[in-house]
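Trainee: Sequences and hints are given; from them, build the entire structure.
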Amino acid sequence: MRNRARFAKKATEFSFILPALLVVLLLLLYPVLSSVFYSFTNKNLIKPDYEFIWFENYKKILTDPMFWSSFWTNVKWTAASLLGQLLVGFTGALALNRIKRGKGLYRTILIIPWAFPSIVLAFSWKWILNGVSGFLPNFLVKAGLCATAPEFLSSANLVFPTLVFINIWFGAPLIMVNVLSALQTVPMEQYEAAQIDGASPWQSFIHITVPHIRTVVGLLMVLRTIWVFNGFDIIYLITGGGPANLTQTVPIYAYNLGWGLKQLGRSSAVTVLLLSFLLFVCMQYFRLLNKWEKENP
Amino acid sequence: MKKKKILHRGWFGSGISYLYLTILSLMAAFPLFWILLSSVKSKGELTSNPTAIFPKQFTWDYYHIVFEQLHFGTNMRNSVIVAGSATLIAIVISALAAYGVVRFFPRFGKLMTRVLITTYMFPPILLAIPYSIIMGQTGLMNSLVGLVIVYLSFSVPYAVWLLVGFFQTVPLEIEEAARVDGANKLQVFLRIVLPIVSPGIVAVAIYTFINAWNEFLYSLILINNSEKMTVAVALKSLNGQEVLDWGTMMAASALVVVPSVVFFMLIQKKIAGGLAAGSVK
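Which chain is which? The protein sequence lines are A and B, in order. Oh and the first sequence: position 181 is 181 in the working numbering, straight run, nothing missing. Oh and the second sequence: position 227 is 227 in the working numbering, straight run, nothing missing.
Everything labelled a hint here was simulated from the structure, so no lab data went into it. Glycine included, C-beta positions come from ideal geometry on N, C-alpha and C. Where hints are given, some of them may not hold.
Unchecked claim - Calculated pairs, BS3-like style, for lysine-lysine (alpha carbon to alpha carbon, straight line, at most 27 Å):
| no. | chain 1 | residue 1 | chain 2 | residue 2 |
| --- | --- | --- | --- | --- |
| 1 | A | Lys126 | A | Lys142 |
| 2 | B | Lys270 | A | Lys9 |
| 3 | B | Lys56 | A | Lys100 |
| 4 | B | Lys43 | A | Lys142 |
| 5 | B | Lys110 | A | Lys10 |
| 6 | A | Lys142 | B | Lys110 |
| 7 | A | Lys126 | B | Lys110 |
| 8 | B | Lys185 | A | Lys10 |
Unchecked claim - The following residues of chain A were derived to be distant from chain B, with all beta-carbon distances above 12 Å:
| no. | residue |
| --- | --- |
| 9 | Asn3 |
| 10 | Lys59 |
| 11 | Asp64 |
| 12 | Leu158 |
Mentor: Set out below in structure tokens:
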């Protein structure tokens, strides 16, 4: 009797989380497993029949120079974007934390890029940077900074830095707002005490601010690394991986295989490799975060 | 003497801060302004004088083209239906789950953060492959229902994560008092807890809606019938048509981005701290 009551209680409690659990199992876990499954087949986008070819897909991919160049572009793209986002986001947060008047207004304006749909982000920047009648190239010529209008999105030298700039523009607000709320959890008294002891602002920053917020900022960087590394929209919509595959990242390489060449099986293998790499990188991150958490609970 | 020095340093530092923030703000806001201004400038002006800021001749022509020739209204309706349904379903599922985790499975909380981060790691391009196969098999290709189901894959984990932070702020005593009065778990949840966290739920709902409204990859892969296209894919399809001018593209862009920005500004305070607040732990 008592056991039955306890079971009923547990069942009620469990029913609260059941629907969410089903979403995770059916819409996330099952598709990942089925991707792993298809990565061992020659599944085609249009034909329903397929055969097992085991490691053939992986062999083809890992010996394809195009895969490796996409991979390195992806690493560079992620590292440069994140560094820039962190730098701009962090300094922006410090500045916002410093000022007294107009904080809300600045914050409201500064988060605008965060709300941009990727397609609108792509259209607006393509229009601003357009080599013929875009604002920026014409402005630079008019101001005498450039002799001819620079081709930001089609010149081999400019296209990568331009994309990174756009990604920083898009991602910095998220970092800024989260760092700002982390900064506001640092107790004021510690700064006052440090100042009385004669600590310089730089010393207070290193010894008080950084240890307090590094776990939050660290987790934030894990999430952003994943997000940027997996990112498809921005590059696909602005350059499509061009010119001459210069800006092709792994997700775009996978998309072209799957929906361009219709080879879903091989495309699955690429995405499985992508996920494995991310799992590996994140494990290293978590090791570091756990260490920090132990030092500064 | 010392105090004065500190005061001086503070004034100088905040001067630089204001300057820096003003520059950043101009850069953050410029594309939005440029979209809006380009969408109302006459055709000649856009190409003849690319650096002029304000239009000499104001026009609504592009907006007429967007609605009357491109039937963008249909796409906007599709997006509202898809994002709205996905949000509604996701919020119900997530509110239950977040409450369940906070009240009944607190130890599960840390594990759940790990699970959520792991699901966050799944590349959308990886999920897109099985989604397109499954939707093809079940006849849900080119259907808004299929898109709603797929959207739950990212809305639910994110909403649970944000909502956990809000549910943690509800004091246990209030619930216990209601339990003593004989209310069951579901009643306590619906009548006591939900009203307390409703501002948080509204904020999370709006955020979920914006994310679904902005989504691109899944709708690119699952929808290719222009009648069923959401705004993001419909906009993308404009890009291929060389006849279209930038003014039309900017007018359509404005219709997509303005709601996102406005709603996001309204809820930013509630959402933004979420990651740094309790939900991380």
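Trainee: Decide, hint by hint, whether the structure agrees.
Mentor: Quick rundown of the hints versus the structure:
As the CA atoms of Lys126/A and Lys142/A are separated by approximately 19 Å, the hinted pair is consistent with the 27 Å bound. The suggested pairing of Lys270/B with Lys9/A is violated, with an alpha-carbon distance near 34 Å, which exceeds 27 Å. For the suggested pair Lys56/B and Lys100/A, the alpha carbons sit about 39 Å apart, so the restraint of at most 27 Å is broken. Restraint check for Lys43/B and Lys142/A: satisfied, since their Cα atoms lie roughly 21 Å apart, inside the 27 Å limit.
With a C-alpha separation of about 20 Å, the suggested pairing of Lys110/B with Lys10/A holds against the 27 Å cut-off. For the proposed pair Lys142/A and Lys110/B, the alpha carbon gap of about 57 Å is over 27 Å, so the pair is violated. For the proposed pair Lys126/A and Lys110/B, the alpha carbon gap of about 43 Å is over 27 Å, so the pair is violated. For a cut-off of 27 Å, the pair hint linking Lys185/B to Lys10/A stands: about 12 Å separates their Cα positions.
The Cβ of Asn3/A lies farther than 12 Å from every Cβ of chain B, with a closest approach of about 18 Å, so its non-interface assignment holds. The beta carbon of Lys59/A is kept farther than 12 Å from every beta carbon of chain B, the shortest such distance being approximately 19 Å. The beta carbon of Asp64/A sits about 17 Å from the closest Cβ of chain B, which is more than 12 Å, so the claim that it is off the interface holds. Listed as a non-interface residue, Leu158/A keeps its Cβ farther than 12 Å from every Cβ of chain B; the least gap is roughly 18 Å.
Checked against the numbered hints above, the structure breaks hints 2, 3, 6 and 7 and satisfies the rest.
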